[in-house]
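One-letter residues, chain by chain:
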Amino acid sequence: MLTAPLCDLPALAAMIPNGAQLAVPSENCGVAMAATRELVRRGVRGLHLVCVPVSGLQAEIMIGAGLVETVETSAVTLAELGPAPRFTAALRDGKIRVLDSTCPAIHAALQAAQKGIPFIPLRGLIGTDVLANRPDWKVIDNPFRTDDPIVLLPAIQPDIALFHAPLADRHGNVFIGRWRELLTLAHAARHTLVTVEQITERDLMEDPERSPGVIPALYVTGIAEARRGAWPLRFGADYPTDQEAVERYVAAARTDSGFRDWLQAWVAPRPAQALA
Amino acid sequence: MSAAFTSTELLIAVIARLLEGCRHVVTGASSPVPGAAALLAREISGGALRVNVLGATRNNSFTNGGVELFDLAAQGRIDAFFLGGGQIDGQANINLVGAGRYPDVEVRWPGSFGSSYLYFLVPRVILFREEHTRRVMVPRVDFISAPGVSPSNVYRPGGPYKMVTGLGLFAFDRTRCRFRLESVHPGHSVQEIVDNTGFDFDCPGQVSVTPAPESSVLQLLRGRIRGEIAEAYPRFATSLAS
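These protein sequences, in sequence, are chains F and U. Start counting the first sequence at 393; every next residue gets the next number (our numbering). Start counting the second sequence at 9; every next residue gets the next number (our numbering).
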């Protein structure tokens with residue numbers, strides 16, 4: 393029997409309600425693709441997706457499947473494979489609202505939430521159309537100097553953070569290693585949901601080499617084991633991107649019907665994972 | 009093909025030369041050519057140059073998450089960075105968001121990434137865009153992801169330094185707010201650049217030809233650098249000559 397915060401994948405996905413503000417990391421960290429598939433199966437709707445600070449295949453699929461109402465991001469890109477076709481189509485058809493941001497603004501706004509402060513100043517941005525299109529951002533004069541305009545960003549406190557990590561223990565501690573933005577994200581979010589490659593019987597906090605790279609159970613609401621849970625995306629040194637699978641996706645998603653067929657096959661119950 | 013080097017190899021070599029004297033260079037998302045150039049410059053510097061390639065693990069020494077790049081930039085600890093754009097104009101404004109009237113753009117690109125911030129803070133921002141056409145080099149960008157210059161009261165230690173395209177190398181004069189053509193890549197001409205540029209730029213009477221990569225540079229590129237860049241850009245590495 394799994395005891396909280398450990399649960400299975402469907403139970404983890406069930407903790408994400410319609411309309412949630414959901415924050416997810418870039419493909420440089422662990423993207424919870426297996427959990428994303430469960431979210432698509434559940435047919436969650438109206439999400440406000442916050443990409444920390446950019447997203448790729450995950451945002452692309454969630455947008456294509458109609459889960460997302462608003463996407464707040466610095467970019468949506470499939471990197472070497474070019475533009476994200478369903479993201480582009482959804483924007484063209486007016487099916488989603490995009491809040492264009494810039495990477496450091498998303499990081500800084502999460503850091504504000506981490507500190508429990510309402511806003512945070514950030515350099516740059518003045519004179520950009522990014523700022524011009526964000527009425528929720530303000531420019532003030534630096535109160536400590538004269539004639540020094542600076543931008544203020546409201547804190548981003550996501551309802552839920554969702555990502556994939558290498559290891560968790562039965563107490564709910566999650567090892568993230570070098571990917572410190574996941575720690576910030578967990579500190580900022582109201583709830584953190586994690587899929588992991590493996591659950592260990594050892595207490596991660598008792599290992600002095602690991603504990604500095606651990607998100608303590610205090611911040612973690614749910615953990616589900618999902619081996620190769622970032623697939624078809626790369627996961628650190630554990631596995632590379634499954635280029636063939638992603639290329640198959642990109643080829644299919646060029647058209648709406650191609651995407652529908654791909655999605656149907658992807659969410660169909662099956663014993664082994666296969667993308668197409 | 010009689011050419012002893014590819015156009016990609018030339019671009020990598022050109023960019024690597026622009027990094028001379030830097031202490032720390034970072035390359036961002038979707039930047040395989042700048043990534044290879046920075047790794048090449050590190051080799052040429054004998055390891056004096058520090059390089060961080062986003063998306064890499066071995067060639068990336070950051071331990072404070074995604075925010076570390078931006079904190080380093082704000083502190084002046086990064087000497088050079090690379091930006092591109094779906095559109096670039098004669099004032100070095102860059103647009104990474106889309107062509108057409110925002111938000112109902114006709115063509116949507118990925119987004120501004122960190123440009124709206126790093127363009128202000130990194131002293132040598134090198135604009136790199138291989139496609140040099142009137143579609144890219146426009147009179148006025150449709151969306152300013154980051155402006156080329158700012159009013160004097162805006163905190164801005166950084167900004168555009170050079171622009172490298174598939175046709176030539178430009179310098180940007182921040183006081184005059186104009187590009188100046190520095191050299192034309194082998195096989196191309198000033199007229200070709202003028203014909204394919206949608207804005208005015210300064211052009212000296214005599215424009216030199218961009219020097220070809222030295223054979224020692226080509227050897228490094230086809231050996232060690234090709235292997236190093238594969239970590240972050242496997243498809244790109246495969247496309248490089250070996």
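Hint data in this document are derived by calculation from the structure and do not stem from the laboratory. Since this is a predicted model, take the numbers as computed values, not measurements. Beta carbons are placed, not taken as given, at the ideal position from N, Cα and C, and that holds for glycine. Among these hints, one or two may not hold up.
[Said to hold, decoys possible] Where chain U lies over chain F, by a calculated footprint (3+ residues, C-beta under 8 Å):
1. 406-416
2. 472-481
3. 567-581
4. 595-609
Against the structure, the hints come out as follows:
1. 406-416: violated (count 0)
2. 472-481: holds (count 5)
3. 567-581: holds (count 7)
4. 595-609: violated (count 0)
Checked against the numbered hints listed earlier, the structure breaks hints 1, 4; every other hint is satisfied.
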